[in-house]
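Sequences listed follow chains Z and U, in order.
Residue 160 in this note's numbering sits at position 160 of the first sequence, and the numbers go up by one each step.
Offset between the second sequence (1-based) and this note's numbering: plus 1000.
These aren't lab readings, by the way, just hints derived from the structure by calculation.
Remember, predicted model here, so these are calculated numbers, not experimental data.
From the three backbone atoms N, C-alpha and C, an ideal C-beta is built for every residue, glycine too.
Please note: incorrect hints may appear among the correct ones.
To be clear about the criterion: a stretch of chain U counts as covered by chain Z if any three or more of its residues have a C-beta under 8 angstroms from a C-beta of chain Z, and this derived list gives those stretches [as the list claims (entries may be wrong)]: (1) 1011 to 1020; (2) 1196 to 1210; (3) 1213 to 1222; (4) 1228 to 1241; (5) 1248 to 1259.
Here are the chains, one letter per residue:
Number of protein chains: 2
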Amino acid sequence: MKNFSFYNPTKILFGEGTIKDIAGEIPKELKILVTYGGGSVKRNGVFDEVKEALQGYEMLEFGGIEPNPTYETLMQCVEVVRKNKIDFLLAVGGGSVIDGTKFIVAAVPYEGEPWDIVKTYGKVIKRALPFGTVLTLPATGSEMNNGAVITHKASRTKLPFVHPLLYPRFSILDPTKTYTLPPGQIGNGVVDTFVHVTEQYLTYPANGKVQDRFAEGLLLTLIEEGPKALAEPKNYNVRANLMWCATLGLNGLISVGVPQDWATHMVGHELTALKGLDHAKTLAVVLPVMLDIRRKEKKEKLLQYAQRVWGINTGDDDERIDAAIRKTREFFESMQVPTRLCDYNITADIIPDVIEQLKAHKMILLGEKKDVTPDLIESILKKCL
Amino acid sequence: MKNFSFYNPTKILFGEGTIKDIAGEIPKELKILVTYGGGSVKRNGVFDEVKEALQGYEMLEFGGIEPNPTYETLMQCVEVVRKNKIDFLLAVGGGSVIDGTKFIVAAVPYEGEPWDIVKTYGKVIKRALPFGTVLTLPATGSEMNNGAVITHKASRTKLPFVHPLLYPRFSILDPTKTYTLPPGQIGNGVVDTFVHVTEQYLTYPANGKVQDRFAEGLLLTLIEEGPKALAEPKNYNVRANLMWCATLGLNGLISVGVPQDWATHMVGHELTALKGLDHAKTLAVVLPVMLDIRRKEKKEKLLQYAQRVWGINTGDDDERIDAAIRKTREFFESMQVPTRLCDYNITADIIPDVIEQLKAHKMILLGEKKDVTPDLIESILKKCL
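This is chain Z alone, in the form it adopts within the complex (with noise of 0.2 angstroms):
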């Protein structure tokens, strides 16, 4: 095992009716600007039970941030912030709201141009306003990470940053305010909530025992339960143990004292920022192939996901290995993510341009040994079309 140091300060209130709780979580004097994005929380009732929670404070709102929240966006946020001296913020949302959150808060104190923020992964924070999260979209973990990924349109770039200063002080996790998502939600959030997990497992053995075990519970458990969401959608427990999947997927938890691969995330943000597509679906794409291709580098994991997780227990190594890569995909299909290029009219011509693009974001030597090369995602990416 790895030297590691973990530190998570994020306070989670878990729960039907925990919304009401946000009070005593802010200081009575801080003026607080709510954030959200398209405006489902105001439909399905979400944003009146956090105003109401939050009587007797000051509050302004912005909405309007959007799935892979954009720099263009935000820096608008910034501005509103700035000119009310806001004191606290509060993302009502998803990850995108919570990472576009997450920008905003180290940038209004940032005294150079916002975007350097992203640019240098984080480095730059010195300072950050204190902010608090309502979640209604399990999948990201950004309710208790301290990291997020913003998109620069202009340039179409979508990157990450992380600083110690970005947890939420809270977060508010109700399964209920889940009911309302659409199923392709649903499913785009078990497939994130999968990936991260595999992202932090499937490297090579690294005698971490516990966190092994623990990444296998979470992807047990998303087998288990992701299917249950789309058939019954009002089951508490169901949403409540995929919700709590989602936040301990990437809360740093599971990724102590072992290696951490992110290639597929890195070829999947490549995707979205070229093509829009959602970030989960790209994720369902890479991610089967990803493996397939790495087969060699990644035996003992694989040989190890295949036994614990997947329940296969005959076969040759490669044998072995297919019926879980095969497994992996049937699993993101029955979540209703399609998991082929085609499935989404995402065409070969795309494939140069990825690599241009990760080439001029220095991404040029990825996953969990630094051996993924521009040649090798390419050769990946033509066994995704």
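For this one, chain Z is given, so just place chain U on it according to the hints.
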């Protein structure tokens, strides 16, 4: 799943050589008191390493905190802290030193009689000094939680207390510092961790799917690594996995949203207070019988435990449960921790005293359903002889 809140701000610095990182975690101007136990940290070099890391700080020391730390000893330290205007405490040792230090940091600013802190299970705490830990004996999980257990020698009382102010600011977990532990303490640590997990897992089904998987992951790791820790005392990865298991076994993560038992611990505390028997040994004695006698109430989880942890797939329900309990007992014995009171020369005449003490401490309805009565405990203890 039940509603819950989860908050754990302790920073973990894990791995070989991390003691030197202490200085980065404590502001230079603070006056530090290092607390420790019987002196093994002085003999094995850990204390010197801590001292080296704290060069430039004003530093005092207080040794002699005993296993099952007593109010009587700790109050001497409270006086030292008050007299010397200490700002920060650093506990160097195992659970007893850390638990004792938690009492000290709460007692120093407390204006009444500090035993109130324990008597009220922590409710009267309003302030506490900050503190960190250097863990040398993985077992209690105290290095990443906000609870402690203190013994009042005069009244033979051992009671737990908790408070949000009692999380360590940081904890150093260096697995190499456990190499010199005697086998008896390794066995105790593994058993203690195992029973922490079962107290939070072997109750009744509550649809906490991830919590169950995580608990099972910890148990499987303990079963896999525990015996290796006795056979190969300097196997770094084995010690690292056990150390991380112990921390995760009681840092609040696996208990969120699910019922908890703790009856075994409460009975064990009385045995320790009355007879001085090691904490883990009391658990190894009581747990197997506790599970046996309460098999009806715990049936579903015991069957799940039998299947997922011990791989028991044959026999009727009672046979599977019998086999799982037998395996549990055998595991404790394999860790060189005997599981009968007679192994420790404790006879039936202790039973009325335990019952009387439990009643005196208002422990009359224990367990996840508050249905474990003194009469039931009497029949359990008779089967522990």
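Here is what the structure says about each hint:
Coverage of the stretch 1011 to 1020 of chain U by chain Z holds. Counting CB-CB distances below 8 angstroms, 8 residues qualify, and the rule asks for three or more. Residues of the stretch 1196 to 1210 of chain U with a Cβ under 8 angstroms from some Cβ of chain Z number 4, which satisfies the need for three, so the listed coverage holds. For the stretch 1213 to 1222 of chain U, the assignment as covered by chain Z holds, since 7 residues bring a beta-carbon within under 8 angstroms of that chain's beta-carbons and 3 suffice. For the stretch 1228 to 1241 of chain U, the assignment as covered by chain Z holds, since 4 residues bring a beta-carbon within under 8 angstroms of that chain's beta-carbons and 3 suffice.
With a cut-off of 8 angstroms between beta carbons, the stretch 1248 to 1259 of chain U has 4 residues touching chain Z; three or more are needed, and the interface restraint holds.
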